[in-house]
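Colleague: Here's the letter readout for the chains.
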Amino acid sequence: MRHVYLVTFFVVVLGVSILGLRGTKFTSAPMDVFPEWAFPGMKHQPKPYAQGSSDFFADGRSDRMPVAGTVQRGMLRDDEHLDHGKTATGAFARGFPEVLPVDFKLMERGKDRFTIYCAPCHGALGDGNGITKKYGMGATPSFHDDRLRQIAEGEIYQTITNGKNNMLSYADKLVPADRWAVIAYVRALQRAQSGTVADVPAAHKSELGLK
Amino acid sequence: MSKIFPKSANSLPLQIIIYLVVLTGIATAGVTYYMTPKYTRIGYAPVQPVPFSHEKHVSELGIDCRFCHSNVDKSGHSNVPTSQTCMNCHNQIKTDSPLLAPVRESYASGDSVPWVWIHKTPDYAYFNHAAHVNRGVSCVECHGKINEMEVVAHNQSLSMAFCLECHRNPETRVRDPKDVYDLNSQTIAAKAGVEAGVKFVHDWKIKPPQSCSGCHR
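First to last, the protein sequences are chains W and A. So the first sequence is numbered by this note's numbering: it starts at 3 and just counts up by one. So the second sequence is numbered by this note's numbering: it starts at 3 and just counts up by one.
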């Protein structure tokens, strides 16, 4: 009987040394303990997954583009100002679309989105000194020059939507309303950088030690 | 007539029974340890077509998760980024790194980069990212410290027990919504005590489903 226990012990040791402990890194697909062929349980339903692959379509993807001539719900882009940053005559629009009141909420949203999507390159202050500058992206401009201060809001919208030279489009990450929120925040940054003593309300001057 | 069985054979049935009990114990221990998601999934770190490092991009460069996983707060599916997302920077940084060749090819041709999908719930279970991250559940609760991973590895079991553990007691696991994307942040309960967590869950009316149809719909 002692031999039987000895053999069992060695089998266990062998098993543990082959299977390893929990949490070990491995690269092959995880073991399926209850494989679908033996235990059918709707684990893999024959449906397309988001960003999944497909044997059916020629390009091998399950995500499809909208059929030509159709528009997804909520994706109609027919407001010249809101959706294209243009006026009726096709010039870059100045000011913000009427449907989007520029208020604190829009500004907060703009700050949030700017910090995620623009700050890595343009910097938190919009001065072009984002983290990527250190790694060799020298071309990122500062927002604090006269041309960009004077530029129409619609033209910034155009840059976000379609990109410009080395800056690619951010249209897939920001819906039109978010793009305008970002523009509002860019304007706020520009205003903040060009502030002078004259901007401080008289009532608050003493708090800052000003006369 | 000589005896076929020695005297010691009398105890054999008992010894066999004891052995079988021991064997059952070993088998149970083995199954619990090795046939559950804590063993089969945790540590899964497939070789990706591009050796993308979250550690470098998130911790060193400070890029927000949403820069790349831009739909995580908008939809159930947290998208893996398009190659254009990478090209935003890599059209100017490391432009001829051989490691980035698949990304450049994909950007030029429009084909996808064949990233290997790591976290996957079975199709009979419903999961939604936006419902969690917009309600104070941080990525770190389910994916671990991605920001310190050179290669993404499966870090939590994502089994039903794991989901329910939190759904029963969310107050110790929720974060201030603005800390959700900062994987080094602390939960509300760790910062201000469990009462603050309970208050948050109450004020935000957080009611994670515990009934079967919440997740098996």
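Hint data in this document are derived by calculation from the structure and do not stem from the laboratory. Keep in mind that a hint or two might mislead.
Said to hold, decoys possible - Reference listing, derived: stretches of chain W covered by chain A, where coverage requires no fewer than 3 residues with Cβ under 8 angstroms from a Cβ of chain A:
hint: 1; segment: 18-26
hint: 2; segment: 37-50
hint: 3; segment: 72-79
hint: 4; segment: 118-124
hint: 5; segment: 192-206
Unchecked claim - Some chain A residues close to chain W (C-beta under 8 angstroms, calculated; not the full set):
hint: 6; residue: P48
hint: 7; residue: Q94
hint: 8; residue: F164
As the list claims (entries may be wrong) - In silico EDC-like links for lysine to aspartate or glutamate, alpha-carbon gap of 20 angstroms or less:
hint: 9; chain 1: A; residue 1: K180; chain 2: W; residue 2: D129
hint: 10; chain 1: W; residue 1: K135; chain 2: A; residue 2: D98
hint: 11; chain 1: A; residue 1: K207; chain 2: A; residue 2: D178
hint: 12; chain 1: A; residue 1: K122; chain 2: W; residue 2: E38
hint: 13; chain 1: W; residue 1: K113; chain 2: A; residue 2: D178
Virtual Cβ for every residue (Gly too), placed ideally from N, Cα, C.
Colleague: Are the hints correct? Go through all of them and say.
Modeller: A quick look at each hint next to the structure:
Check on the segment 18-26 of chain W: 4 of its residues sit with their Cβ under 8 angstroms from a Cβ of chain A, so the three-residue criterion for coverage holds. Evaluation of the coverage hint for the segment 37-50 of chain W: fulfilled, as 6 residues show C-beta separations to chain A shorter than 8 angstroms, against a requirement of three. A stretch counts as covered by a chain when three or more of its residues have a beta carbon under 8 angstroms from one of that chain; for the segment 72-79 of chain W and chain A the count is 0, and the coverage is violated. Coverage of the segment 118-124 of chain W by chain A holds [criterion: at least 3 residues with CB-CB distance below 8 angstroms; count 4].
Coverage of the segment 192-206 of chain W by chain A is violated in this model, with 0 residues showing a Cβ closer than 8 angstroms to a Cβ of that chain against a need of three. Because the smallest distance between the Cβ of A/P48 and any Cβ of chain W comes to about 5 angstroms, under 8 angstroms, the interface hint for this residue holds. Given hint, A/Q94 at the interface with chain W, holds; its Cβ is 5 angstroms from that chain's nearest Cβ, closer than 8 angstroms. For the restraint placing A/F164 at the interface with chain W, the shortest Cβ-Cβ distance is roughly 14 angstroms, beyond the 8 angstroms limit, so the hint is violated.
Of the pairs offered as hints, the one joining A/K180 and W/D129 is violated, with about 25 angstroms between alpha carbons and a cut-off of 20 angstroms exceeded. A hinted pair counts as satisfied when its Cα atoms are at most 20 angstroms apart, and W/K135 with A/D98 qualifies at roughly 18 angstroms. The hinted pair formed by A/K207 and A/D178 meets the criterion: a straight-line CA distance of about 14 angstroms does not exceed 20 angstroms. Taking the CA atoms of A/K122 and W/E38, the gap is near 15 angstroms; set against the 20 angstroms cutoff, the hint holds.
Annotation: proposed proximity of W/K113 to A/D178 holds, straight-line Cα distance about 18 angstroms (limit 20 angstroms).
Hints 3, 5, 8, 9, counting from the list given before, are not met by this structure.
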